[in-house]
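Work out the full structure, taking the sequences as your base and the hints as a guide.
If you want the building blocks of each chain, they are given just below.
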Amino acid sequence: MAPQSIIALAGNPNAGKTTLFNSLTGSRQHVGNYPGVTVEKKEGVYLCDGTPLRIVDLPGTYSLTAYSVEEVVARDFLVNDRPQVIVNIVDAANLERNLYLTCQFLELGIPLVIALNMIDVAKDRGIEIDAARLSQLLGLPVLPIIARSGQGTADLMREAARLATHQQEWQPRRLSYGEDLDQILMEMEARITAAGLLTDTHPARWLAIKYLENDEQIMAMGRRADPDCAAALADMATRVTDHLQATVATYPEAMIADHRYGYIKSILRQGVMSHAYDTDRLYTSDRIDRVLTNRFLGPVCMVAVLLALYHVTFTYSQLPVEWLSDLFDWLAATVTALVPAGPLRSLLVAGIIKGVGGVLGFVPLILLMFMGIAFLEDSGYLARVAFMMDRIFRAFGLHGSSVMPYIVSGGIAGGCAVPGVMATRTLRSPKERMATLLTVPFMNCGAKLPVLALLTSIFFAAHQAQILLLLTLLAWGMALLAAKFLRLTVLRGEATPFVMELPPYRLPTFKGLLIHTWEKTWQYIRKAGTVILGISILLWAMMTYPGLPAATTAQFAAQRATALAAASPAVVTEYQQSGRANLSPVARQLAARLVAIDNQQSEEALRHSLAGRFGIALETLTWLPGFDWRTNIALVGGFAAKEIIISTLGTAYSLGEVNREETGSLAKTLARSPHWSPLTAMALIVFIMFYSPCFATVVCIAREASWKWSLFSMAFNTTLAFLLATLVYRLGSLCLAL
Amino acid sequence: MARMPLRQMQKNQSGTITAVKVGGELGRRIREMGLVPGTEIIIQGRAPLYDPVALRVMGGTLTLRNNEADHIEVEVND
Numbered sequence: 099m100a101p102q103s104i105i106a107l108a109g110n111p112n113a114g115k116t117t118l119f120n121s122l123t124g125s126r127q128h129v130g131n132y133p134g135v136t137v138e139k140k141e142g143v144y145l146c147d148g149t150p151l152r153i154v155d156l157p158g159t160y161s162l163t164a165y166s167v168e169e170v171v172a173r174d175f176l177v178n179d180r181p182q183v184i185v186n187i188v189d190a191a192n193l194e195r196n197l198y199l200t201c202q203f204l205e206l207g208i209p210l211v212i213a214l215n216m217i218d219v220a221k222d223r224g225i226e227i228d229a230a231r232l233s234q235l236l237g238l239p240v241l242p243i244i245a246r247s248g249q250g251t252a253d254l255m256r257e258a259a260r261l262a263t264h265q266q267e268w269q270p271r272r273l274s275y276g277e278d279l280d281q282i283l284m285e286m287e288a289r290i291t292a293a294g295l296l297t298d299t300h301p302a303r304w305l306a307i308k309y310l311e312n313d314e315q316i317m318a319m320g321r322r323a324d325p326d327c328a329a330a331l332a333d334m335a336t337r338v339t340d341h342l343q344a345t346v347a348t349y350p351e352a353m354i355a356d357h358r359y360g361y362i363k364s365i366l367r368q369g370v371m372s373h374a375y376d377t378d379r380l381y382t383s384d385r386i387d388r389v390l391t392n393r394f395l396g397p398v399c400m401v402a403v404l405l406a407l408y409h410v411t412f413t414y415s416q417l418p419v420e421w422l423s424d425l426f427d428w429l430a431a432t433v434t435a436l437v438p439a440g441p442l443r444s445l446l447v448a449g450i451i452k453g454v455g456g457v458l459g460f461v462p463l464i465l466l467m468f469m470g471i472a473f474l475e476d477s478g479y480l481a482r483v484a485f486m487m488d489r490i491f492r493a494f495g496l497h498g499s500s501v502m503p504y505i506v507s508g509g510i511a512g513g514c515a516v517p518g519v520m521a522t523r524t525l526r527s528p529k530e531r532m533a534t535l536l537t538v539p540f541m542n543c544g545a546k547l548p549v550l551a552l553l554t555s556i557f558f559a560a561h562q563a564q565i566l567l568l569l570t571l572l573a574w575g576m577a578l579l580a581a582k583f584l585r586l587t588v589l590r591g592e593a594t595p596f597v598m599e600l601p602p603y604r605l606p607t608f609k610g611l612l613i614h615t616w617e618k619t620w621q622y623i624r625k626a627g628t629v630i631l632g633i634s635i636l637l638w639a640m641m642t643y644p645g646l647p648a649a650t651t652a653q654f655a656a657q658r659a660t661a662l663a664a665a666s667p668a669v670v671t672e673y674q675q676s677g678r679a680n681l682s683p684v685a686r687q688l689a690a691r692l693v694a695i696d697n698q699q700s701e702e703a704l705r706h707s708l709a710g711r712f713g714i715a716l717e718t719l720t721w722l723p724g725f726d727w728r729t730n731i732a733l734v735g736g737f738a739a740k741e742i743i744i745s746t747l748g749t750a751y752s753l754g755e756v757n758r759e760e761t762g763s764l765a766k767t768l769a770r771s772p773h774w775s776p777l778t779a780m781a782l783i784v785f786i787m788f789y790s791p792c793f794a795t796v797v798c799i800a801r802e803a804s805w806k807w808s809l810f811s812m813a814f815n816t817t818l819a820f821l822l823a824t825l826v827y828r829l830g831s832l833c834l835a836l
Numbered sequence: 387m388a389r390m391p392l393r394q395m396q397k398n399q400s401g402t403i404t405a406v407k408v409g410g411e412l413g414r415r416i417r418e419m420g421l422v423p424g425t426e427i428i429i430q431g432r433a434p435l436y437d438p439v440a441l442r443v444m445g446g447t448l449t450l451r452n453n454e455a456d457h458i459e460v461e462v463n464d
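Residue numbers (the working numbering), protein chains in the order written: chain E, 99 to 836; chain S, 387 to 464.
Hints listed in this document are in silico derivations from the structure and should not be mistaken for laboratory results. Misleading hints may appear alongside valid ones.
[Said to hold, decoys possible] Okay, derived cross-link-like pairs now, DSSO-like style, lysine-lysine, Cα gap no bigger than 30 Å in a straight line:
id: 1; chain 1: S; residue 1: 407; chain 2: E; residue 2: 529
id: 2; chain 1: E; residue 1: 582; chain 2: E; residue 2: 806
id: 3; chain 1: S; residue 1: 407; chain 2: E; residue 2: 363
[As the list claims (entries may be wrong)] Here's a subset of chain E near chain S, in silico, CB distances under 7 Å, partners left out:
id: 4; residue: 191
id: 5; residue: 194
id: 6; residue: 486
Note that beta-carbon positions come from the ideal geometry of N, C-alpha and C, so glycine has one too.
Encoded structure:
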């Protein structure tokens, strides 16, 4: 045997592939990405009687065409990495459709073992499958297994290992596609073999079939390798297509599919499958669907399930989130106590601990949210949600499956766009997925809420609840409209076919849930340690440097000295020794005076820093929506995390760091400030809702899509927010002037 | 026995597919999910807004949008 045989695990979605992979490799697995795409590549090691086998979990597909990234990834892996054996997992209760993919593996010729999964479910449904007979007819090993319980998997892997040792050559099968196609396939095959076109990696007949199927990827590869031969093949394919269109009004690819199914049916009819009961019988799953996808009860149940998911996630994550936040506060206090005041302390506390702490604070939330989503997905309910919501979402160029990411991101106010962006993975159609991913940050996440709550409480106190509800609806409306806009412009294109399976309801395995949840969470934590740390340091530096000139610092020091000198020595001693608690009224006055000077210095320092200058420079633009430099700096800070807007506004208004829970002083200042009015507040609220996602989200978008799309999302959202805020402010001013 | 597009079929009506009149990506997706001529189907139901439609095919359940179901012609059992 080769030093380590590669065994590819392949099969349809919902056939139990992931369950088998998890049960084979357990914790000895590694998740990466296929080069250049966001499709996950899972690898693991299985010990077969002491011999390690490398197991690669291919993405679940129904076919091997070039239409979806998953399928291209799967077949590229097969022809380039040349695994010794494919373990093709098929759902015994759904054999006929699952064997369609099997036919395509047979035509590639890679040694194949069929894992006939869920024979217990099939038996419950009255389907008996004669594995020996199927094996004999297909001419390859067929082993019945139950992946959930692990029954039969040891034998399966032993068989796979045996095949990996013995059979090394690929032996492509030749299925018949009817007279017309068989004839042209022979000619094309001869031509390909003669020219040696791509034959080092692909079987000649398989290539010919791909030409008949009009497979873009293979045809492009052919053109690069040998333009003349490729042109000749394309000609032959066009000729037979025209002929078929003229004589039987069909396409070669339709004919190929018909014949593959014909082949499968002919095998299954030869005593492989027998039904004990009527096939139209209602199964448990269908009974559940009678309620859960019922015209009236379905939507009600859906709202209940989503609310429950939401409630559980945000209720149960609250405590651990607080613990984490306490832990980071403690860390900050400890560092403050240990490191002398200066740039190093500031970097450690304000830059690193606050930045990374803010991001890691999301971890319990992400963990629970993904547990919930994984449960809904693995149980089969998510497909039903997509089924019920598709009609609405399709109108905006999205897909029924877009509903989940929207909800998670704050569709019910208070979510988080980070798990929302990550949840778009459940969408299989690329354009719809991208449109969803780019618009979920418009939702009112839990970090925007305190800011919105503060502003509405100051300026719209009488109607706060109504206004907040209105803002949630506004978020939905804008997100859907923006999605529609993107689908008509940068993401233009036909709707991806919806043809989708509603898998039978299944109780997810606990192990599967844990692995799934841990993977997602770990990916997030890893990011926090690298990119996010870098960006927090950068933002901290922007808000700290350049520091105040020595003369200004001296001025503030002088002011402090004056304040101290003005007080009587007894009061100064009291102030310095008391630990600033239980002060006498005079001493309290002194303390307040000193704090005011400190705060003024902080304001001056912020104004002097790069971020401050940036904020002042931005006034040339932001007079349009009515923002002054203080607001601008706060918004720059809000890029780190939206809730920082409050504390930065506090610093900018010389209030010192405003605590998220005690916003009274800031509220009073804003309410009194002549610069602020309900109109300014509304313009700012609109801007905060729609401007650039926070950097944790931006990093996630980069991971799920690319940095290009991250930058696009920052620019697009900020522009949109700016336009909307300007519109609100200017139109509002106009109306008020009338 | 009547032929009609799948879109017009009622809930619980059954029949046999006679033609899939579409090529390209949609055609291929439809076929690879088992919706080929000769396959028997039963309409299982429709989503709350009457679209998409869910059907039983070879022991599994598939969903299609109405405008996709337009391309599938079915010979309906009475």
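Verification of the hints:
no., hint, result
1, S/407 to E/529, "25 Å, holds"
2, E/582 to E/806, "20 Å, holds"
3, S/407 to E/363, "22 Å, holds"
4, 191, "6 Å, holds"
5, 194, "5 Å, holds"
6, 486, "5 Å, holds"
No hint from the list above goes unmet by this structure.
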